[in-house]
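Engineer: Turn these sequences into a full structure, and let the hints steer you where they fit.
Numbering (our numbering), first residue to last: 1322 to 1464.
Take these hints with a grain of salt, some might be off.
[Said to hold, decoys possible] In silico DSSO-like pairs for lysine-lysine, Cα to Cα no more than 27 Å straight-line:
(1) 1381 - 1331
(2) 1333 - 1370
(3) 1369 - 1404
(4) 1331 - 1369
(5) 1442 - 1324
(6) 1324 - 1381
(7) 1371 - 1347
(8) 1381 - 1370
No lab work stands behind these hints: they were computed from the structure.
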Amino acid sequence: MSKSYGFNVKSKQTQVVGVLPPDLMKEYFPSCSDSNVYLTPRRIRHIKKKHAKDLLCFGKHIPDMIVRPDYVGRSDEENLKNKEHIELYLLPNLILPIHQINGRLIIASFYHLDNHEYRLKERLDDNRISTYSDVEIPSLLYA
1322 MSKSYGFNVK
1332 SKQTQVVGVL
1342 PPDLMKEYFP
1352 SCSDSNVYLT
1362 PRRIRHIKKK
1372 HAKDLLCFGK
1382 HIPDMIVRPD
1392 YVGRSDEENL
1402 KNKEHIELYL
1412 LPNLILPIHQ
1422 INGRLIIASF
1432 YHLDNHEYRL
1442 KERLDDNRIS
1452 TYSDVEIPSL
1462 LYA
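Structural biologist: As structure tokens, this is what we get:
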């Protein structure tokens, strides 16, 4: 029986909120031996401050996004080009960026993607993200 994960937004402790699948570890974090994904009190404060509505409405999906995202990719933001990181996507529009910091996988943020139909299509077309789960790419992305 697999362990189920969750988290407490009021916790003052760093929490394990999931385990990244081995294939994603191998591809995106080959030098990291710890596949646990952590949520720190600092990151909780950030998410509550910047993305409170997303956390309230969709935060319960974070453990599922770690284990079975619909899409996986990397950010093309200049400040992340040389860092080990990953973006996990859950349809229709949720993003969970994870960074490797000091050998640990840390959730950086959690938010919804505005204009998601266009932006998902753009990221798929640019090969920035790829399908991970057995998800059908919504036809509206290619209409």
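Engineer: If a hint holds in the structure, say so; if it doesn't, say that too.
Structural biologist: Evaluated hints:
1. 1381 - 1331: The hint holds at about 14 Å.
2. 1333 - 1370: holds (16 Å)
3. 1369 - 1404: holds (24 Å)
4. 1331 - 1369: Satisfied, since the Cα-Cα distance of roughly 10 Å is no more than 27 Å.
5. 1442 - 1324: Judged against 27 Å, a Cα distance of about 34 Å means the pair is violated.
6. 1324 - 1381: Status holds; Cα separation ~15 Å.
7. 1371 - 1347: Violated. Residue 1371 to residue 1347 sits at ~31 Å, over the 27 Å cutoff.
8. 1381 - 1370: holds (17 Å)
Going through the hint list in order, the structure does not satisfy hints 5 and 7.
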